[in-house]
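Trainee: As a plain string of letters, each chain reads:
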Amino acid sequence: MVKIHKFVSCDPDLCTGCTVCEYACSLEKDGVFNPIRSRIRALRVYPSGNLAIACRMCEDAPCVIACPRDALQQSEEDGHIIVDEDKCNGCGWCVEACDFGAITVGPDKIAIVCDLCDGEPKCIDVCPVEALSLQSRETKARKSRISATAARILADAASEADK
Amino acid sequence: MKGYANNILYINLRTGKTKTEPLGEEMARKFLGGAGFGIKMITDYQRPNTDAFDPENPIVYSCGTFCGMMVSGSASKWGVAAKSPQSQGLGESYSTGFFGSELRRAGYDIVVVTGKAERPSYLYLEDDSVQILDASHLWGKNNWDTEDIIKSDLGDPGVRVASIGPAGEKLVRFSAIINDRLRAAGRTGMGAVMGSKNLKAVAVRGFNDVEVADVDGFKEMALEIYEKTKGPETEKYRNLGTAANVLTLNKQAAMPTRNWQDAVFEKADKISGEASNEMYVEKIQACDSCGMRCEHVAVVREGPFKGAIGRVEYEPSYAFGSCTGVDRPDAIVRAVQLCDLYGTDALSTGVVVAFAMEAYEKGIITKEDTGGIELEFGNAEGMCDMVEKIALREDIGDLLAEGVERAAAKLGKGSEKFAMHIKGVEMTGYDVRGLKTCALGYAVSRRGADHQRHGAYGPDLGGQVDRFKAEKGRGQLVIDGEDLYSVMDSLIICKFSRRIWDYESYAKMYTLATGIPMTAEEMRRCGERISNLGKIYNLREGIGREKDTLPIRCMTDPIKSGVAKGSLVTQEELDLLLDDYYETRGWSKEGIPSDAKLKELGLESYAGYLEDLKNTDSKKKSGKKKTTKKTKRD
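Residue numbers (this note's numbering), protein chains in the order written: chain A, 2 to 164; chain B, 34 to 667.
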């Protein structure tokens with residue numbers, strides 16, 4: 002059976018860039034507030050592009066492959082990246098390997114990455130605008146197909162009306 | 034003591050020397066943060082009667098108590114205080130965005146900057162590293178470019194920048210400090226103080242943890258607050274935003290129009306929040322940690338103002354809309370953007386342009402003065418051009434850059450009568466002629482014309498009192514507002530979320546965050562203390578009862594139309610309101626806090642500043658008696 006992994010996904014139309022997810026994550030993991038301890042990071046591209054990014058739970062995750070000390074492995078169950086804190090020395094090859102900037106090296110010099118909070122991510126709980134949700138690639142793609150189709154139908158209807 | 038970074042940073046730009054000092058628990062407990070810190074520091078570190086542009090005039094940046102913490106809308110609130118180039122009294126302003134939390138994480142609660150740098154410079158604070166860097170290449174650049182270049186120079190897009198534009202460099206008296214592009218510490222000319230120090234920007238980057246005293250308790254309460262931000266108390270700000278006030282205030286004949294010649298704008302529907310949201314707002318986004326979101330980002334896609342990007346709020350809709358008679362929301366967005374780029378206070382700028390429009394229509398200034406702009410009310414393009422001329426001090430813009438009070442004094446010809454300011458600071462958008470509690474609030478506001486020191490329009494517009502009547506008891510209402518707002522501006526809690534908080538919850542959150550025991554009553558007392566210290570500062574700098582007044586027009590020209598038709602505030606009414614306010618405050622007739630009041634608030638060490646004033650106070654009284662006797666004899 003093919004296992005379809007879910008990850009914390011952010012809807013850019015809803016995201017306000019408030020970074021509450023970062024606060025909740027660093028509080029949950031380390032009991033303090035500090036964005037560099039957060040496993041999800043929000044950003045704003047001026048004037049109003051907002052998005053929060055966490056680990057995508059890639060198959061054959063590039064970070065795992067890149068790690069020279071075999072400190073990273075991927076959970077077979079939900080696809081999250083497991084960091085062996087004894088092996089990790091914070092070298093940062095994983096950071097370079099990730100296209101999403103989703104894995105970083107925290108202030109304790111250990112790689113940090115979303116672990117889905119045992120299936121109930123705290124960031125999703127606190128997001129004030131419900132921009133965050135658990136999605137798989139399959140559900141994301143399906144939603145994109147639906148909105149593309151809906152847009153097509155709308156455009157057709159509009160051109161019909163114009164006639 | 035948790036929460037705070039427990040660190041004050043002092044920087045002298047002349048000598049290049051820096052030092053740090055612990056904040057200390059007493060300072061934290063008595064003055065909280067933000068406003069409290071700013072007012073306390075300038076009172077203590079500024080020589081009395083220093084000119085605002087004197088190199089030794091300190092400028093103080095401060096974090097709100099909850100900077101860097103998960104408190105909705107509060108994590109990035111920061112304040113700035115200094116002698117104001119407008120009022121030559123207390124200057125204070127507050128901003129948000131993402132700058133304040135970075136400052137706290139860099140490890141500072143307060144940054145005090147004195148001296149003038151030899152050449153254009155900017156500060157870069159990264160944790161323990163404090164650098165004064167060359168800003169020659171940034172001088173003359175607008176705020177948005179300045180931010181981009183600094184981030185690129187430092188090679189870190191995570192750096193946060195609070196900067197001034199060309200207006201601040203040219204000492205336009207109502208210059209703002211801009212951070213995160215769309216956020217401004219706008220009022221009282223703090224940007225000009227930076228300019229006078231050759232200080233282009235403060236850039237910060239911080240990697241320290243922000244710790245709270247009671248993690249579990251804090252978390253529980255923080256989540257409760259987030260739930261409340263989703264409720265009806267904040268709905269207005271989440272939807273239409275403050276621009277919803279356009280139609281509300283216009284209906285109440287409280288929207289100053291054409292430089293306060295009236296209080297009803299006949300084209301209000303065109304610049305309403307409803308209209309601008311529908312046409313131009315592309316995204317409503319949030320500041321750091323905010324569960325509420327209110328930043329209505331408007332983008333103009335076509336027409337003469339194509340490409341304009343700005344925030345839609347009520348106050349600029351008044352200043353660049355009704356007050357200048359302009360009925361185009363796209364022009365308002367452009368004018369706001371120009372203020373963000375050049376770095377002026379949008380509010381003051383609009384009122385200054387409106388003043389110039391009236392002077393133009395009355396023939397006091399001419400087309401020659403304006404550099405060819407036909408500066409009539411309603412001229413949208415002319416308004417935007419004038420904003421640029423003021424920021425760059427071109428043509429009559431050079432005089433207008435001094436603000437309406439100074440411009441009118443120079444122009445004469447009766448223009449003083451329509452210079453809409455209090456203590457040299459231009460009026461904000463509540464027509465106080467028909468809002469008498471609010472009128473008192475404006476008159477006594479410690480930073481000049483302002484609705485944000487007291488919120489006294491609330492009881493008037495909410496129907497709690499007869500808005501057209503001046504009577505005893507209004508003093509207490511204004512005091513309640515002032516002390517509450519002093520706390521809000523110190524913790525710094527976003528005023529848009531004020532309805533989901535009270536003293537009880539402020540105190541509780543404070544204790545959870547800092548570990549310092551605090552009750553609701555002590556919290557209220559902090560507000561009273563901060564309000565009183567602001568007054569002491571102003572008194573020391575020569576701002577007394579005679580400056581607690583209203584613009585001449587508000588006391589001579591009644592509102593012409595709408596439900597407030599015929600309203601104005603007479604001198605008798607104002608005196609009655611002031612007497613009531615001072616008495617309720619525990620101040621003398623001249624507004625000087627009594628020794629008993631100082632002792633009660635733990636401010637007795639400041640009594641020295643008031644000694645001389647008390648002597649003149651009693652002389653004045655005896656002088657008055659003599660005059661009365663003389664009059665009787667005559």
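For the record, the hints were derived by calculation from the structure and aren't laboratory data. All values reported here derive from a predicted model rather than from experimental measurement. Keep in mind that the hints are not guaranteed to be accurate.
To be verified - Covered stretches of chain B, going by a simulated chain A footprint (3 or more residues, C-beta under 8 Å):
(1) 99-111
(2) 231-243
(3) 250-259
(4) 312-319
Ideal Cβ positions, reconstructed from N, Cα and C, are used throughout, including at glycine.
Trainee: Against this structure, judge whether each hint is valid.
Mentor: Each hint, compared with the structure:
1. 99-111: Holds: 5 residues of the region 99-111 of chain B have a Cβ under 8 Å from chain A.
2. 231-243: holds (count 4)
3. 250-259: holds (count 3)
4. 312-319: holds (count 5)
No hint from the list above goes unmet by this structure.
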